[in-house]
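My request is simple: use the sequences and hints to build the entire structure.
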Amino acid sequence: MLSEINESIQYNDLRGLIAPLVSIDQYKSKLGKDENVAVVAFKIKDKDPAADLSQYLESGYDLLDVDISPGPDSDGIYTVFVEVERNAKMFDTIDSMLNDIKQVDTDLEGWAFMAYETDGVLAWNKENFEKNVITSSYDYVLKHNPEAKAISERIQFLNKY
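Going by the numbering used here, the first residue of the sequence shown is number 1, and it counts up by one from there.
Hints listed in this document are in silico derivations from the structure and should not be mistaken for laboratory results.
We put the beta carbon where it would ideally sit given N, CA and C, even for glycine.
Treat each hint with caution, since some may be false.
[Claimed, not checked] Under the rule of at most 25 Å between Cα atoms (straight-line distance), these lysine to aspartate or glutamate pairs were calculated in the DMTMM-like manner: (1) K102 x E130; (2) K28 x D119; (3) K102 x E127; (4) K30 x D92; (5) K131 x D34; (6) K89 x D139; (7) K131 x D100; (8) K43 x E127; (9) K102 x D65; (10) K43 x D67; (11) K33 x E130; (12) K43 x E85; (13) K102 x E58; (14) K126 x D139; (15) K47 x D65; (16) K33 x E58; (17) K126 x E58; (18) K28 x E58; (19) K47 x E109; (20) K43 x D95; (21) K45 x D105; (22) K28 x D139; (23) K47 x D107; (24) K28 x D67; (25) K143 x E127; (26) K45 x D67; (27) K43 x D100; (28) K33 x E117; (29) K43 x D65.
[To be verified] Taking CB as the label site, the calculated pair distances span: (30) N12 x N159: 53 to 63 Å; (31) Q55 x E130: 26 to 36 Å; (32) L21 x D48: 13 to 23 Å.
Structure (structure tokens):
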């Protein structure tokens with residue numbers, strides 16, 4: 001958790017610029033395999049605030065990478081991509097980031113998220129996260145690799161005998 005705000009960004013500097021909707025696992029990792037890395041994405045108005053948010057996040061967490069989209073989308077919105085290790089601490093890492101971002105945008109009240117293969121927007125809480133985001137590399141491979149799933153099922157079948 002960030003105890004103080006980075007020098008380049010002050011309290012409430014990004015007020016009203018960050019969308020309260022976070023994307024998880026909807027983008028491919030550029031650094032590693034998707035079973036080991038999850039991409040968390042934030043939408044933010046304008047390039048300079050996106051750079052500020054990127055720098056703010058890079059300085060306070062044990063993240064694999066933080067990057068900004070090369071250009072805006074059709075609405076002029078930039079995306080800040082944060083790559084985190086897929087593990088049991090994933091919720092706590094993201095939750096800490098979300099709480100700290102409220103220091104630079106106090107208008108943010110309730111976070112919501114969308115995750116890969118979920119229908120619609122979900123309220124940000126541990127229960128929804130655990131139901132909809134795979135934090136284990138092993139489970140991720142089983143779910144997204146048909147060969148690995150078939151092998152696992154055969155091993156489970158053979159173990160019964």
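Hints and how they fare:
1. K102 x E130: Holds. K102 to E130 sits at ~23 Å (cutoff 25 Å).
2. K28 x D119: 19 Å, holds
3. K102 x E127: 21 Å, holds
4. K30 x D92: 22 Å, holds
5. K131 x D34: With Cα atoms ~18 Å apart, K131 and D34 stay inside 25 Å; holds.
6. K89 x D139: Within the cut-off at roughly 15 Å; holds.
7. K131 x D100: 24 Å, holds
8. K43 x E127: Given that 25 Å is the threshold and the Cα spacing comes to 23 Å, the pair holds.
9. K102 x D65: 21 Å, holds
10. K43 x D67: Holds, because 12 Å separates the two Cα atoms, which is no more than 25 Å.
11. K33 x E130: Roughly 21 Å between the alpha carbons, so the hint for K33 and E130 holds.
12. K43 x E85: 21 Å, holds
13. K102 x E58: Measuring from Cα to Cα gives roughly 16 Å; hence the hint holds.
14. K126 x D139: 18 Å, holds
15. K47 x D65: Holds - the C-alpha atoms of D65 and K47 are around 18 Å apart, at most 25 Å.
16. K33 x E58: 21 Å, holds
17. K126 x E58: 23 Å, holds
18. K28 x E58: 19 Å, holds
19. K47 x E109: The given pair, whose Cα atoms are some 23 Å apart, holds under the 25 Å limit.
20. K43 x D95: Since the Cα atoms of K43 and D95 sit roughly 17 Å apart, the hinted pair holds (cutoff 25 Å).
21. K45 x D105: Satisfied, since the Cα-Cα distance of roughly 12 Å is no more than 25 Å.
22. K28 x D139: Holds, because 17 Å separates the two Cα atoms, which is no more than 25 Å.
23. K47 x D107: Given that 25 Å is the threshold and the Cα spacing comes to 20 Å, the pair holds.
24. K28 x D67: 13 Å, holds
25. K143 x E127: Between K143 and E127 the Cα gap is close to 20 Å, so the pair holds against 25 Å.
26. K45 x D67: 15 Å, holds
27. K43 x D100: Holds, because 16 Å separates the two Cα atoms, which is no more than 25 Å.
28. K33 x E117: 18 Å, holds
29. K43 x D65: 17 Å, holds
30. N12 x N159: 53 to 63 Å: Once the Cβ atoms are compared, 57 Å apart, the range 53 to 63 Å for N159 and N12 holds.
31. Q55 x E130: 26 to 36 Å: 30 Å, holds
32. L21 x D48: 13 to 23 Å: At roughly 21 Å between Cβ atoms, D48 and L21 fall inside 13 to 23 Å, so the hint holds.
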